[in-house]
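Enquirer: Based on the sequences and whatever the hints tell you, model everything.
Heads up: the sequence lines are chains S and H, in that order.
To get this note's numbering, take the position in the first sequence, counting from 1, and add 2.
To get this note's numbering, take the position in the second sequence, counting from 1, and add 2.
These are computed hints drawn from the structure, not numbers from a lab.
On a predicted model such as this, the values are computed, not experimentally measured, just so you know.
A portion of the hints provided could be inaccurate.
Calculated cross-link-like contacts (lysine-lysine; reagent style BS3-like; alpha-carbon spacing at most 27 angstroms) [said to hold, decoys possible]:
| id | chain 1 | residue 1 | chain 2 | residue 2 |
| --- | --- | --- | --- | --- |
| 1 | H | LYS96 | S | LYS191 |
| 2 | S | LYS96 | H | LYS96 |
| 3 | S | LYS204 | S | LYS57 |
| 4 | H | LYS204 | H | LYS62 |
| 5 | S | LYS83 | H | LYS186 |
| 6 | S | LYS21 | H | LYS96 |
| 7 | S | LYS83 | H | LYS191 |
Number of protein chains: 2
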Amino acid sequence: MHKTTTIEMEADVLAENRKLAADNLRKLRSKGVRSVDVMGSIGSGKTALIVRLAKELKSKGKRVAAIAGDVTGEDDYRIFKGAGIPSINLNTGKECHLDAHLVNEALDELRLEEYDVLFIENVGNLVCPADFPLGTDHRMVVISPTEGDDMINKHPMIFLEAEIAVLNKIDLLPHLDVDVDRLKADYAKIRKGGTLHMTSAKSGAGLPELLRALHLTD
Amino acid sequence: MHKTTTIEMEADVLAENRKLAADNLRKLRSKGVRSVDVMGSIGSGKTALIVRLAKELKSKGKRVAAIAGDVTGEDDYRIFKGAGIPSINLNTGKECHLDAHLVNEALDELRLEEYDVLFIENVGNLVCPADFPLGTDHRMVVISPTEGDDMINKHPMIFLEAEIAVLNKIDLLPHLDVDVDRLKADYAKIRKGGTLHMTSAKSGAGLPELLRALHLTD
Chain S
3 MHKTTTIEME ADVLAENRKL AADNLRKLRS KGVRSVDVMG SIGSGKTALI
53 VRLAKELKSK GKRVAAIAGD VTGEDDYRIF KGAGIPSINL NTGKECHLDA
103 HLVNEALDEL RLEEYDVLFI ENVGNLVCPA DFPLGTDHRM VVISPTEGDD
153 MINKHPMIFL EAEIAVLNKI DLLPHLDVDV DRLKADYAKI RKGGTLHMTS
203 AKSGAGLPEL LRALHLTD
Chain H
3 MHKTTTIEME ADVLAENRKL AADNLRKLRS KGVRSVDVMG SIGSGKTALI
53 VRLAKELKSK GKRVAAIAGD VTGEDDYRIF KGAGIPSINL NTGKECHLDA
103 HLVNEALDEL RLEEYDVLFI ENVGNLVCPA DFPLGTDHRM VVISPTEGDD
153 MINKHPMIFL EAEIAVLNKI DLLPHLDVDV DRLKADYAKI RKGGTLHMTS
203 AKSGAGLPEL LRALHLTD
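Expert: Right, dumping it as C-alpha cells:
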C-alpha cells in the first residue's frame, strides 16, 4: 500500500478541483448566474426542494436551470425536465460526489446567458461532496428529520463546508420522535450562530426565508 | 492528474481489502460467530434495527456483539452500549466506508469466542461501502421509504453487492406518498427473484422473517 503516494495524489486532485471550481464560479458570474450546490443524503428531498424553489423563482420572473448529479441513471433529471426546468444530467459512475471538472463540462452545454439561477444537485450522501467545491455562490446541505437527531453531530465536515443548512420535510415531524432542538444546537455549535433553516418542499413552508438566505430574492 | 496510476492503485487497495476480508471471515467462522455487514443511508434505521434484532436474538439465548462504524463520533456506539450490546466504535476519519483492515483490528479487540452473532454497522451511505466487503457471512442493505421510490434504481451497485435488502420503517408508509411496488420491482430486476424484506424496527414487524433470511434463527 502506497500511503505517501496516495496522500500526495489526493492533494493534487483537491488542488486541481479547487482551480476548476474557481473557473466555474468566474464563468457563472460573468453570465450573471447565481448558483447553489445542493448537497444532502438520499431522501432528504433535494430534488423536490429544487423544483419548489424553481417554481417560486419563476413566479418572480427568474429563469432557472438545474444540473442533476447521480451515480447512475437519470431519475432526478427527468423530474427536473417534467417540472419544466432546463437541465443537464451528470453521472459520476462509481464516484460518490460531483467534481468541478464534471460541472465545468456541463456548464459548456448550458446557454448560461439564458438563466439567472442554477441549482446543482450533488450525489446523495453526506461524506464525499464536502471536499469537492464545484464553484458555486452557495453550498447548501439539506437534511430530513427521518435521518435522526444525531446526524449533524455525526457529519460535522459537510456542515462546516456548507454555509446554508436546511431541515426539510418538517411536515413529517408530527409522525417522528426527533429532537429538533438537538439538531439546532448541534448545528449552532458547528457554525457559530448559524441558523438551521426549516422547510417543507411539500407544503412550501420556509421557502421564502430560504430564498432570501440564498440571496435569490430580495 | 495521474489517471493510470490512480486506477492501478485502486486495484491494489481493493485486492488488499479482499484478502483481509477473507481473513476476517475465517477468523469469525473459526470462533463460530455469524456476521452481518449492515449498510444503508443515514436515517434508514440501521442502528435501531440492529438493537431490535439483537433483542430478539438474546431472547433466544444468542450472544450478540456489534461494531459501530461512523466517520466521526460515537453516537451509534453509545446506543449499542445503552442497549447492553458489547460494542467496538470505529471512526473512518474522512473515509465514507469501513474496510476489512479496520474491522480486522476491531475483531482483535473483541473476545469472539464469547459471541454467536456480530453486527457491523457500516458508514451511512449507499455508494462507497459497496466496493469494500468486510468479510461477513452476509451483506445487508437497509433502506427507508422516506428515501423515495426511485432510490433502488439509482443505486444498483450496492443492491448487487448485498444479498439481503430490507425496506425498514414501514410504519411510516401511511404518511408518505411512496410506491412500494416500484421499489420491489426495481429490486427484483437487479437481483433476479430477490425479495425486498419489509420491517419496522419500531413495531417489530418483519423481524422474525429477516432473522431467518440471515440464518440467525431457525
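Enquirer: Each hint should be assessed against the structure and marked as holding or not.
Expert: Hints, verified against the model:
1. H/LYS96 to S/LYS191: holds (20 angstroms)
2. S/LYS96 to H/LYS96: holds (17 angstroms)
3. S/LYS204 to S/LYS57: holds (13 angstroms)
4. H/LYS204 to H/LYS62: holds (20 angstroms)
5. S/LYS83 to H/LYS186: holds (25 angstroms)
6. S/LYS21 to H/LYS96: holds (22 angstroms)
7. S/LYS83 to H/LYS191: holds (25 angstroms)
In terms of the numbered hints stated before, the structure departs from none.
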